[in-house]
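Protein sequences, first through last, are from chains A and B.
Okay, so the first sequence: first residue is 29 according to our numbering, each after it adds one.
Okay, so the second sequence: first residue is 19 according to our numbering, each after it adds one.
Simulated from the structure, these hints should not be mistaken for lab results.
A few of these clues could be false.
Claimed, not checked - Keeping only pairs whose Cα atoms sit at most 27 Å apart, straight-line, the calculated DSSO-like set for lysine-lysine is: (1) B/K149 / A/K116; (2) B/K32 / A/K143; (3) A/K157 / B/K149; (4) A/K158 / B/K39; (5) A/K73 / B/K182; (6) B/K32 / A/K116; (7) B/K92 / A/K116; (8) B/K312 / A/K97; (9) A/K158 / A/K41; (10) B/K32 / A/K107; (11) B/K148 / B/K122; (12) B/K182 / B/K132; (13) A/K54 / A/K208; (14) B/K92 / B/K39; (15) A/K73 / B/K87.
No experiment lies behind these values; they were computed from the predicted model shown.
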Amino acid sequence: MIEFSHVYKSYNKNYILRDLNFTVNKGEFIFITGPSGAGKTTTLKMLIALEKPTHGAVKFLGTELPDLKQRDIPFLRRKIGFVFQDFKLLPNRTVFQNVALGLEVSGIFGDIIIKNVSEILKAVELYTKKDEFPLSLSGGEQQRVAIARALVQNPQVLLADEPTGNLDEETSLIIIDIIKSFNNKGTTVMLATHDKNLINMGRARVIDITKS
Amino acid sequence: MISQRANYFINYFKIAAVNIKSNISGNVFAFLIMSFSFFIMLFFLLCYINIYNYMNTFQKSNVMLVFLKNNAKKDTVVHFIGTLDGVKSSVYYSDKSSMEFLEKRVKHLRSVLKNMNPDNLPAFIKINFKKNAVSGIFLSNIYLRLKSLKGVKLVYYNKILRNKIVQFMFFTKVVGLILFMFLFILSIFISYSAIKLVILRKQNEIEILRLIGATNNYIRIPMFIEGEIGTVLSFLVSILLLFAIYKIFIFYKFDSFLEFFRIKIIFLNPAQIVLVLLIAVISGIAGTYLSSKKFF
């Protein structure tokens, strides 16, 4: 489903990724790990065409992502849910509106939005807080909103960049459990983290980008 | 497919409304400046249309007034007029009938005229030429010959001013065009600044929208709608303001003063209003396009 082959990435001739090779199969859960600055975020960003490799090939469902036309990038991103360390929620929209945004950008409106958003909010146990604004929620709750927004489009892949970076251990466990539950339903998950405890909790394949 | 597009469109309007609401002070400021520039545009157009109309009626007039010197005899002049071709009618007004003539024309100034000595008014002959029966050159020739007659003090002839009018009209056209261009660029700049502020303030939001799969159109169309709502509202305010001023002008009968000079004040017709609205809409689109171009 996802293939990185001989991927190099440099910024000002300073290589942060050297000969990165790995594949991810459909329905898999993998951890991308490595120390800070090793290129975990860059690796994930390449999958949503936010970054291009300096050399090498990145493929998603057989499509060479660096060759993707600018106008096709939004459609690629609708197939991939992305969860950020800093949540990236819109503070002037409610929990419900933030999650609904994921569907609205895809051209889905009306009753389908109400149904899908309600379902996903129930799944992340935030339905009762649907009318609250993100800033009134705890970090863990905000991250659950971000996960709900990423998953409401029913993406084939969920990318999570240090999703528990700002959270305590107990909340991190809840987040991982939620992500795992969606993985069990068939969503492929790539989770970037440098937290060894989290990796131990996850019990999944680990790709160390400094070694791959 | 159609309902999908309609949903998109409704959603774009909702986003634009949220954008406007979230930056109400900035939008009101831009809106006021835009209203002011459209008002100047419309006001100038109104003045221009009225001047143009006046000049047109002035040019079409085929009347010549021959003012006689005090105690001068009219016979030579009347005889000369009688020999001319193309004269429709000629009426002699003595100093006394000059007063009657004035009283008839400016009824509202009768109280002022009452204290006036008719002897101070000049005797004159009003000549009406047949329309299209005489050329401008012919009338200019008559004007010069009448002026040279003994006993004639002054000949008043509209068409002598024709060249000056044409020059004046040309001048107003050039000035008007420059002013219009300036105001057009100004309104583009205002839309540009207002939308650029929105973009700068919403850069984080735009980034998030892009990351979750929003197309450039999804982000940009609400901005165009926002720009156009501001432009159209500014235009409506400026046209209503101009209309109110026009009505006050009429209500207090300032126009009756101008009527003395045969100037009839008219308001802009629908076509002219639509033209300025079109200019306003184009300036809104251009301003939004230019401000969002850098970011998309």
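Results of checking the hints against the structure:
1. B/K149 / A/K116: 79 Å, violated
2. B/K32 / A/K143: Between B/K32 and A/K143 the Cα gap is close to 20 Å, so the pair holds against 27 Å.
3. A/K157 / B/K149: 84 Å, violated
4. A/K158 / B/K39: Holds - the C-alpha atoms of B/K39 and A/K158 are around 22 Å apart, at most 27 Å.
5. A/K73 / B/K182: Given that 27 Å is the threshold and the Cα spacing comes to 72 Å, the pair is violated.
6. B/K32 / A/K116: 21 Å, holds
7. B/K92 / A/K116: Outside the cut-off at roughly 96 Å; violated.
8. B/K312 / A/K97: 19 Å, holds
9. A/K158 / A/K41: Violated, at about 47 Å.
10. B/K32 / A/K107: Within the cut-off at roughly 25 Å; holds.
11. B/K148 / B/K122: 24 Å, holds
12. B/K182 / B/K132: Violated: B/K182 and B/K132 sit about 36 Å apart, past 27 Å.
13. A/K54 / A/K208: Given that 27 Å is the threshold and the Cα spacing comes to 14 Å, the pair holds.
14. B/K92 / B/K39: 78 Å, violated
15. A/K73 / B/K87: Violated. A/K73 to B/K87 sits at ~97 Å, over the 27 Å cutoff.
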